[in-house]
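Residues per chain, in single letters:
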Amino acid sequence: MYLILLPILFPILSGAILLIFFRTSLKGNEKAKRKTLVIISGSLLVITALLTITALLTAKESFTLFYLTETLPITFAIDATGTLFSLLAVIVMLCAGFFSFAYMKHEDHESRYYGYYLLVFGVLNALCFAGNLITFYLFFELLTLSSMPLVLHNGSKEAVMAGLKYLFYSLCGAYAALFGIYFIYRNSTTLTFTAGGVLNPSTVAEHGSFLLLVAFVMILGFGVKAGMFPMHAWLPTAHPVAPAPASAVLSAVIVKAGVLAIIRIVYYIFGANFLRGSWMQTAWICLTLITIFMGSMLAYREPVLKKRLAYSTVSQLSYILFGLAVMNDTSLTGGLLHVLAHGFIKAVLFLCAGAIIYTTGKTRVDELRGIGKEMPLTIWCYTIVSLGLIGIPPTGGFISKWYLATGSLKSGLPILDVLGPVILLVSALLTAGYLLPVTIQGFFPGADYDYGKLEKQEPSKLMTVPILIMTVLSVLIGLFPNLITDYLTAIVSAVL
Amino acid sequence: MGPNLLANYGEAVSAILFCIGFTNLLLQTNLIKKIIGLNIMDSAIYLFLAEKGYIAGRVAPIVVNGVTSTEAYINPIPSGLVLTGIVVSVSVTALMLSLTIRLYTRYHTLDLDEISTQLKKEGR
Amino acid sequence: MNFICNFPFFSILLSLFSGTVCSMLPAKAAKVVNRVVIITVGILSAILLLYLLSTGEPFVYWMGHFPAPWGNEIRAGVLEAGMALFFCIIMYLSMAGGAHKLYGEVVESKHNLYYILVNLLLCSLLALVYTNDMFTAYVFVEINTISACGLIMIRQVGRTIEAAVRYMIMSLLGSGLLLFGLCIMYDLTGHLLMSNIKESVSLLVANGEYQIPLIVSVALMCVGLCIKSALFPFHAWLPDAYGYSTVSSAAILSSLVSKGYIFLLIKIIYRVIGFDIFNSTRIIDVLFVFGLMGMIFGSISAIRENDIRRMIAFSSVAQIGYIYMGFGMGTQAGMVASIFHILSHAATKSLLFIAAIGLTDVSNGSRKFIDLTGAAYRNKWAGAAFMAGSLSMVGVPLFSGFISKLLFSQAAVQVEGKMLASLIVLGISTVLNAIYFMKTVIRIYTPVKESSYSGITFREMKGYAVVLVCFIVLNVILGVSSQPVVNMIEQGLAMFA
Amino acid sequence: MSKKRPAAEYQKTFAFHFFRWLSGVKDPYLDEVEMHPQKEFQMDPEAVLRHEKEHDAILDKVYDPQRNMEMKLFRKLYHATSIIFCLFLIALLLVTISWLPATGTIDRPANNEVAKRYIEKGLEETGAVNIVAGMILDYRAFDTLGESHVLFTATITVLILLRLNKTEKDEAEISDRRFEPKNDAILQLVATFLVPIIIIFGIYIILNGHLGPGGGFSGGAVIGAGLVLYLNAFGFKKTERFFTEKTYKWVCFFSLSFYCLAKSYSFYTGANQLHSVIPKGTPGAILSSGLILPLNIAVGLVVACTIYAFYAMFRKGGF
Amino acid sequence: MIILTILIPFIAGGLVPLLPFRKRWQMEVFLETAVVANSILVWYLLFHHSDSTFLLAHFTGDLNISFRVDGMSMVFAGLVSALWPFATLYAFEYMTKEKNENVFFLFYTLTYGVTLGIAFAANLLTMYFFYELLTLVTVPLVMHTLTREAVLASRKYLYYSLGGAAFAFIGLIMVIVYGSTTDFILGGVFDPERIAGHTNVLLLIYVMAFMGFGVKAAVCPFNSWLPQAGVAPTPVTALLHAVAVVKAGAFAIIRLTYYSFGTDFLKGTWAQDVVMVIVMFTIVYGCSRAVKETHIKRRLAYSTISNLSYILFGAVIMTPLGLVGALSHLVFHAVMKITSFFCAGAIMHQTDRHYVHELDGLGYKMPCIFGIFTISAFALMGVPGLAGFVSKWNLAEAAVESGNPLAWGGIACLLVSALLTAIYMLSMMVRAFFPGKDFDYNTVSDVKDPNWKMLLPLFVFTIFIIGFGLFSQPVVNFFSDVAKGNV
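Residue numbers (the numbering used here), protein chains in the order written: chain D, 1082 to 1577; chain C, 144 to 267; chain E, 371 to 867; chain V, 2 to 320; chain F, 7 to 493.
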């Protein structure tokens, strides 16, 4: 019963304690201090992960914590969708967490970072477990607030500005969503997530067209978090300045919160049947397609690696949203699959970029000639997941894109059913164009490259192991997709 | 226009005189001219009253030979009003003149506007 | 006939005679006589008021051996007696409050002349209040005008004399128009006594005779009195006259002289023309419009003023606008409001003038706002009194200004066509009032760091402080227990008819 | 083919800003959030003083009609409207007059019972042959009482305005001697003849006020004129022998007091329906018509003195 | 009893300059005792009130000064009396740096009485009377520092308030003339027969009166006095310009709308649309100005402007639910805003810093203050679980429920405003906690949290904020009872 609370409260409380007390209570020399901190945070992280998995396995019924007002309960429940996202979160958070123990050596205020990291973990769990819209909204806002310090962690002017930008964009989205919640509250039977929607049929008849607008506003709002055009601009600002593991978490998990939010409202509140075929769906698909293309283009032009990856995230997330927007079983399966695939892949990419920055301090792509010779393991991982993201079989990316494309074709939407796959294809080419240069230059620096300067400087185990683990996972998705697609089909068939 | 304009030619003249006086009092900047305007205005009213009291073919209301019949005399009331009015007019004229003297000895001009300009310059 | 019925006559004659007597007396004695006369007249009026309230019937009093259409008459009702009493109170307080300034501003040898003028002014006011004869009214209007002119220029600086000239010019224009209107009225009715004229007028109206001359005559009289009471476009003389004359004069002029004319106008409206006939003419609309304009423009001029006395003077323009707005509504309620405002404004405005002089005295005699900074700390009583007066002007509850505003608004609501205009202008005018009065209040309550001015203690100005307190009390009485006063006004107006 | 634009120009275009926003480089709104501090509001007290002084100076200029066009315009407008107003007034009055009852006719409202009674009973009730005198001094005596006090008030104001102090008086006397005629032989000779005649005539008018045309005011004015002539001929030195401010005061005081008291008595008895002890006398006789004769005398004295006083005041601010 | 609650502050305040206090603490104890006693009395009264009206004085005719306790009074009086003792405690500490304390506390305490007078007023005239009085007793407080700026500010405050009252007065007159009574009766007092044919005029007058009372509630375009009045000492700004005075304006509008003109008369008319548009504009306008403002207190003042219009927005929805929203925001915003103002005041008191850009790095030096400040910021933004969310939720629900498309637009305004709130509040927090990479902590080394007199009120208020956020149901239930007229 209370088990479901543990993965939420434990990291939040421990994070808060870390934040409040760790600054002053630690005495002793710097190194010992840091060691203690890392050990404590690491153990807390692992405990949290364990608690989460326990909760996922055992807790089945919903649990209402208390009532905000008589009609607004704070409820937690675990369902299949939540489990999916939660698993992704746990894995990425763990890996990135361990990566950061190494990475954060060259940053200040480590305890603050870990404190907020744990907070984010807890909030993410809560978000996945949220049983109704109000709970979801509460933790959605908290997620923004608690993850902002991760973005602006290094404290430079740009970082602070980027943090604020992230904050305000997200809040803007959250408030747009809140706008919708107000209306949904009136026009639905309950706010509890229920597969197939909770709209009150009588009011739907009355305010149907307005509710479509409301849905659109909500999707736009939650879409901010998911980097959907036109409110994507925070992503390329926030990612380059955040510490690499934070970027990884941000890009792999936190933005997925936006995806989760959209899944929740589209499939669990409004219901796909209500939205399918409306102008709203068309507009949404258009937006996603624009985002896909634009993100790829921008990434292609971008010289700074982390920023390039950020644009890539913009583009890739809209793959997922595209899948959601098409609203048939195939595309939805593809979208959900891409959640996992992109999560792992993008985490790896960012961690690799972090490793590169950590060891060489190079940030621009054109500086990375010969990097493959210096840190081959990292770049190999990079290359493998890049291929996945491009969608070359048999990687996870390929399968999800396949599902997306076929889903689109089968949807029967005019024009868009063909346009979608075309843009996906173009985007895939562009993806290749912006990801592979690193590999190519890294391994084949050209004839005039001075091999004499080259020295092998593979990063520490603490960095490479998380990268490796996730690379393997992403490959596994591609190799054994059926395991996952079966699971996803269960979800899809429930909601459609 | 009513029927009695020609019959009331005396009143008409007095009205025109009244307005002439009125305008002079209002517009002339020279104080003496203003006072003249004032007197014209007052006199116009006396003329008006005198005309009003007049009844054709009758004499002033001073009892002659003990005849106390209404048919003999004109209306005495306007005459009485005129008498009172004259005194008032004299008083006011005297007051205005003395004010003028006072202002003249101080500012050496009779122009009221000029006086106020001077005042405002020295005043603030 | 009850002996008390002689009281109006006694009051008029007493003040008239005291004027003559004062010409033979030295200044000190004249002052005593003046005070005694005002108090006596006040007491007489009070007794008369009580008597009238108890009988509830107005009475006429022959001036001579002959009754109504032939001889002069005066008439006393509740409103008349109340006005007389009120005028006496205000006049006494104004004289007492400004007495100490007289020594500085007027040559010693002319003091007795000053008291003569005050006595004559009182006499003329009483006569205006009590008279039942139009021509008598005209004569006493002239006395009023001349003595007011004398009060203005008793302090002989260039400004006051110029102001006196301007005042005289406007007044004479007004008198001329009044007299002309009177003559036409006489020609139409053949009467000079108010009640007789009224009968004839109603007859004429009923018969439809002489419509145009009648209206023109009424209009001429109204315009004449409006000019004399400084209604908005005719107010050019007012700021200098009120602003630079000696303070008692300013207080009396602003609160009594113009009010005397206005009261006469009320009498003309009620007792000569008849309220309903007056209201059926377009004249009330004109009065209404000019009243509203006066409210706005008077206040705007006051805001732009940099001199406290002139500011208060401009405020009078606005307040007279209020009164005419009440007339312009053409209802009984509007009239009651106007009369109440006559009282409230008289009580407030003289308070303000007298308080202002206390403030300027402790600021080296400067009247500019910049020098008045912190004056309220140097002369606490004057500061408090000025604040009370300002609050009343702005219309804060507890003070009389609030009640008159209330009455005006209530009256306005009942007049369909003029409601919005009057309400909105009332609102705006209150805002403007607030701006310039509160600006001053804040200014005088802002302390200055190093003060080169000397303060004044209570000991040095006992009499002055008492006067101020009396004024404030009067104001608050009017503000708190206004119902009896309003009842009295209504009763008085009923007696007019 | 599009031409390549210089960078500076390009940076001003909308497309540039839009692209910057699109690629997340700079947000047009949010990046303005972190602002530079505003300057704190401070008003220099000296500046305030200066400002107010300047304001005053400007006001001075504003009041100068030569320099202020607005004022000039206002003046012109004022004159124009005044003339229009005057013409309007003329028209109005003419229209009014055209509607008034015709002059000289009998059947007018003004010729009503009031006038009738004055004429028919005036002689009997007041004892005055001159009905107008009877009317103003008995029927409507209150007006007349007021009227004489108008004159009194005017004198007081003239006194206030023009009466001089001791020192000023001396100066005025010197300048008076310099500018005014004196010891003019012709004038003195004529005056010697005329002044007594004028004064006697004046006295006659006063005394006959209730019997024929005339009365206190006109007689007094005539006497005053005689006195003025005398003064002009012989100068202040001579007149001061019999007429000083004190004389004036006492004369005025006694006359007006008498007037007041007498009329008070009359009013009081009238109003209270008491019997008045004053005898009416035989109509037509010099000693008749009750109080009218004494009142005429009192008024005559006052007016004579006042006329003289006005002249003296105007001339040199004293007697 | 009612009159006693109004009189005690008057007497206590009046005694402050008169009694010969030797030491400062004596005065503090005296005043605090009086205020606390009065608050207890008020609360006692709230729980044991009778429905009878207490008549104090007759003005003219049937116009009188009388007092009564009804639901609205309970809300407002309860709020004021709960906050005042704490605010006084805070003021003791804050005012140690200022001069003329006696005068300050005199008027400070007088204001308490006057505010209660507004709360307990039984009819429109009484409320108007105390409303005017409130202006007058608070002007000396604004003017307290006597700088030129303060004088100008108080002048402006005075003009605006009195001018507004003048227009509100017109509304009063309308109620006197067209209403059956001036007493407050839920649902309005207009006599349907008398108002027949005057509807449009009455609506116009309503708009005017709304704007008139709205001056105190800082409705655009009459809001500029409020930021300027921020020159007053912080207890004044906090208590008066975030709670008592401005809330009195909002309170007066609610009284006018629900208890005098009546919602039946107003709902669905153009007047409602007009005022709603004005209010919506103010919501957004206030926030935008706050974002642009760099002076902390002025920024908070602009925030107040916006938040007051939330209340008014609830009020002009003109449904019981709207009233619930308005009331809840009335109470919750009071708590939130007083907290943030007190934090700002504490910062200014401890560090003498007045501008946002000076806050760098103070966060860790004054953890209590900034912690509380952050919580209040979150509450103002409407983070669920804190007080602000509940009131916004109620407001939005009322708007949705009303079915008025304009009100739906109002929700959008609320949310835009929430976003802007986040911007202006959080940019301060970010500055304080994350001062930047090369920030020199030595510049703030001597900064520390203030003493208990300042912190105690803040902690209490924080508990209120969280408490209201989590367990708002009883309070909201009470509000709905009030809105339905069950109290």
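Hints in this document: simulated from the structure, not taken from any laboratory. Remember, predicted model here, so these are calculated numbers, not experimental data. Virtual Cβ for every residue (Gly too), placed ideally from N, Cα, C. You may find that some hints are simply not true.
Selected chain V positions facing chain E (in silico; Cβ < 10 Å) [stated by the list, open to error]:
no.: 1; residue: M70
no.: 2; residue: Y140
no.: 3; residue: R164
Below, a list of computed lysine-lysine pairs in the PhoX-like style, where the Cα atoms sit at most 20 Å apart [stated by the list, open to error]:
no.: 4; chain 1: F; residue 1: K103; chain 2: F; residue 2: K454
no.: 5; chain 1: E; residue 1: K398; chain 2: V; residue 2: K247
no.: 6; chain 1: V; residue 1: K73; chain 2: V; residue 2: K170
no.: 7; chain 1: E; residue 1: K401; chain 2: E; residue 2: K809
no.: 8; chain 1: C; residue 1: K264; chain 2: V; residue 2: K54
no.: 9; chain 1: V; residue 1: K73; chain 2: C; residue 2: K264
no.: 10; chain 1: E; residue 1: K809; chain 2: F; residue 2: K162
no.: 11; chain 1: E; residue 1: K738; chain 2: E; residue 2: K471
Hint-by-hint comparison with the structure:
1. M70: 19 Å, violated
2. Y140: 5 Å, holds
3. R164: 7 Å, holds
4. F:K103 with F:K454: 17 Å, holds
5. E:K398 with V:K247: 19 Å, holds
6. V:K73 with V:K170: Answer violated: V:K73 to V:K170 is near 41 Å, above 20 Å.
7. E:K401 with E:K809: Between E:K401 and E:K809 the Cα gap is close to 37 Å, so the pair fails against 20 Å, i.e. violated.
8. C:K264 with V:K54: 14 Å, holds
9. V:K73 with C:K264: 17 Å, holds
10. E:K809 with F:K162: 9 Å, holds
11. E:K738 with E:K471: 18 Å, holds
Hints 1, 6, 7, counting from the list given before, are not met by this structure.
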